[in-house]
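Number of protein chains: 2
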Amino acid sequence: MSDTDDAEQELGVTKSKEYETGEWYAEVVRKAGLANYAPEGMSGFIVTRPRAYELWERMQGFLDAKFKETGVRNAYFPMFIPESYLEREKDIVEGFDPEVAWVTHAGHDELEERLAVRPTSESIITPYIARWVRSHRDLPLRVNQWCSVVRWEATETKPFFRTKEFLWQEGHTAHATHEDAWEETMLRLDQYESTYEDFLAVPVLRGRKPDHDKFPGADTTTTVEALMPDGKSVQGGTSHHLGTSFAEAFGITYSDEAEEETLAHTTSWGLSWRALGALIMTHSDDQGLVLPPTVAPEQVVVVPIWQEDTRDEVLEYAEGVAEELREAGVRVELDDRDTRNPGFKFNEHELHGVPVRFEIGPHEVEDREVTVVHRPDGEQSTVAREGIADAAQVHLDEVFAKLYAAAEENLEGGVRDADDRAGILGTIGQHGGYVRAPWCGEEACEGEIKEQIAAEIVMVPFEDEDDLVDADHDETCAICGEAAERTAYFAKSY
Amino acid sequence: MSDTDDAEQELGVTKSKEYETGEWYAEVVRKAGLANYAPEGMSGFIVTRPRAYELWERMQGFLDAKFKETGVRNAYFPMFIPESYLEREKDIVEGFDPEVAWVTHAGHDELEERLAVRPTSESIITPYIARWVRSHRDLPLRVNQWCSVVRWEATETKPFFRTKEFLWQEGHTAHATHEDAWEETMLRLDQYESTYEDFLAVPVLRGRKPDHDKFPGADTTTTVEALMPDGKSVQGGTSHHLGTSFAEAFGITYSDEAEEETLAHTTSWGLSWRALGALIMTHSDDQGLVLPPTVAPEQVVVVPIWQEDTRDEVLEYAEGVAEELREAGVRVELDDRDTRNPGFKFNEHELHGVPVRFEIGPHEVEDREVTVVHRPDGEQSTVAREGIADAAQVHLDEVFAKLYAAAEENLEGGVRDADDRAGILGTIGQHGGYVRAPWCGEEACEGEIKEQIAAEIVMVPFEDEDDLVDADHDETCAICGEAAERTAYFAKSY
Ligand SMILES: [Zn+2]
Ligand SMILES: [Zn+2]
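Here the protein sequences come in this chain order: A and B.
The opening residue of the first sequence carries number 249 in this note's numbering; numbering runs sequentially from there.
The opening residue of the second sequence carries number 249 in this note's numbering; numbering runs sequentially from there.
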């Protein structure tokens, strides 16, 4: 028994999500077997363990299918970029230079030109798009790659949120017109929104970044933002309209229908494993990881509960249930380990975030039923053995709906209004979350808030969703009192 | 018409597979849109275009499913390895040090310890396996990652065969016993063999590398070898039994059933995009790319052939055929472009390697049939419209069988015997391929052949497939005349 107690101790999450969110997150990541920190000399890097990588693979499958349905083809470009290429688009080099890891030697020789480990790949992909595009018939041209990138940021490491190397996808496209590129930018933002909402059960807000916070070289950077339980916003994915700046720097022209050489318009868009961070932090609790069934490696765990004399019948019944679920395409695990008692198993599967537990003992066998427990709230019910696979699907859908509803409640309750500086500072200071305030459009006004409370403008709604775009109103900037141009969402952010 | 002529010119492969294999290969890779060379300053790197990447994705899907069915879980480890970690297994550092790309700076700072861009990941993965393994119940432990690695070799670039960065998978496992690790080594070699033979239609030989050509630190390196049409061997994938050398260097021990701390036995195994090189080179011809239907992005192309007055009926019929194939799960493209004539389309789809072409004109519509043409040999036949999806599958299977049979004939005819030095040199000089010869086991004897004709021992058959393993024979080494220990396969290799 002491052995079990020790093991249960080790399974237990000791930190509180509500009061020590950062420590709690780190503990869940470690104890649920999601990631380890990299060795000394490599602070800021992590090892992504199979349990987390499987979440990544499932999300990748969902998003990649959407890409392929909408004309995107995957490719692979070199992981290094010659320094001279990085310098060709001046905003890119200014934006990323302080964060670039440089390869200077190969074998025993020094390189003639040093190579950047890609921080993002516009500078190596765009020249090839320029080569492949000749005529308007070659447009739109869309490529995407799933890879890792390196950005040497000196901030504190947080697995999946802030790491020096991270997994992501980066899409790069070229179009004939500004409008086509804008449509592409929004299509990808829609797909990111759907990945968060329909797959990860994390509702998001969408809008654009203020001009001073755009991607280097971009006309417009659009974003989906998710609100974490500690009141901070996560930039969940960004889709950039790059205008003609990269086309100019790298020479993407096409001959249009009148055979005129014309500059193309490009976009790029990326979503990283930060989505996993948002997923883990949004749903998990003081018992460990919580996952929506869409992304969970195991959707249902079947735990048989037997005594010596009921062992055979209980196991046989449980195996039948598991088999029926498996045939219906449910990802199911039968936990028939002899060496662990049911209480230990319950704790372990809760820690690991299995969405639905089936408990089967002699009583369930006798009554031809199954006891069903939902991971997020422990809700317990009984379902008939007959039609068990359909019932499982109903319960999985219920768990998804519960998780989404809780996250939506957090988001909806987390948007507040303010119309002066004190209101912004006080509201964020007290509640976190988003504060919606009229804004003149000047970076300086954001700066004042940033300095005092480390909150920034994470998003401005799209024009058709922002009343202040209409010049015919008398709102004034909450900070400087000049005429308000836009509604700004202030928040602290990851 | 001149426009079409020009375009056809551009589609045409001008080099001969038989007489200029290297130039022909480079031309097929370029004209079929598979890869481009990287920019100046990055010689040795390539850009993998969507058409080639799709081949990689399909092969990855086949192999990854096999891995997952047999207990492998994917993970992701940092792309950098601290120099001190690389040095902990001395054979690894000696083996890879001359080829390592080094990151020395990040942003504007020099790093305290330089970081190797992974040439292979034993040195970063093994320490984590050591951390995760505690007891015999944690074994076997298996992880795999799909990633790219960098090896700064100064040889001539050949897309997919020899590049400084290449895509691969690397599997790493730990086991309780030497025997378990051996079983794992062979299981992965079997899966590589199956990938080549059952998926890429490329038959292979299997065996072990001579001791002096093992992976650094390995007990045994096993290999699958494919024979290219120019008579050179390609090392198609390797699976290494690492014994306890990495377990010792990085401290993988487990408490066995008697609670004794015991060293684990490890394996690693990798297959790279070289498989794509072997695929392309084996099957393609002077008209361009040839692909087996298993891996082809489009398995069937439907080309409607119409005149003004037959356009509607032909197109409608062709659309019906394409739709029926699609519903049956065949990857089908309907090429209904108005701007290209049928001859141009035939050439283009031949260049791109579409395995089966359906031609549909008024005659086919009238007789309710379809003309079917096989890409590899141009064989033409007529099939009934009724049951067209089943017929398509039959033809796809036939194309696969033809490709496999041709490659098998090349391999079988490419293995010859010799029992003295002149025989080895003469046979390889004249025919290429493999020369099977009795060998004493000494590296020096291989060295003599290598020096004279740049051929080496690419493989030694497994013990149970090698008559010479039995000491009771009187064969002598073809080079030195000492007693022969093993049968060696000499060949030139990529
Ligand atoms: Zn202002
Ligand atoms: Zn000898």
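Everything labelled a hint here was simulated from the structure, so no lab data went into it.
All values derive from a computational prediction rather than experimental measurement.
You may find that some hints are simply not true.
Remember, identical chains collapse to one label, so a pair may be satisfied in a single copy or spanning two.
As the list claims (entries may be wrong) - In silico lysine to any residue, SDA-like type, Cα no more than 20 Å apart, as pairs:
#1 Lys314 <-> Glu302
#2 Lys593 <-> Leu259
#3 Lys316 <-> Glu575
#4 Lys316 <-> Glu305
#5 Lys316 <-> Arg306
#6 Lys314 <-> Arg574
#7 Lys593 <-> Gln628
#8 Lys316 <-> Glu571
Results for each hint:
1. In the homo-oligomer, the alpha carbons of Lys314 and Glu302 lie at most 20 Å apart both inside one protomer (19 Å) and across protomers (16 Å), since each shortest distance falls under that limit.
2. In the homo-oligomer, the alpha carbons of Lys593 and Leu259 lie at most 20 Å apart inside one protomer (10 Å), although the nearest pairing across protomers, at 63 Å, exceeds that limit.
3. Only between protomers do Lys316 and Glu575 lie at most 20 Å apart by alpha-carbon distance; the minimum there is 18 Å, versus 28 Å within a single protomer.
4. For the identical chains of this complex, Lys316 and Glu305 are neighbours both inside a copy (16 Å) and across copies (13 Å), given an alpha-carbon limit of 20 Å.
5. Within a single copy, Lys316 and Arg306 get their C-alpha atoms as close as 15 Å, and across copies as close as 14 Å, so both meet the 20 Å cut-off.
6. Proximity of Lys314 to Arg574 under the C-alpha cut-off of 20 Å is restricted to the inter-copy arrangement: shortest distance 19 Å between copies versus 26 Å within a copy.
7. Within a single copy, Lys593 and Gln628 get their C-alpha atoms as close as 17 Å, which meets the 20 Å cut-off; across copies the closest is 63 Å, which misses it.
8. Taking the closest pair of Cα atoms, Lys316 and Glu571 come within 20 Å of each other only across two copies (19 Å); inside a single copy the shortest separation is 33 Å, beyond that limit.
Violated hints: none; the structure is consistent with every hint.
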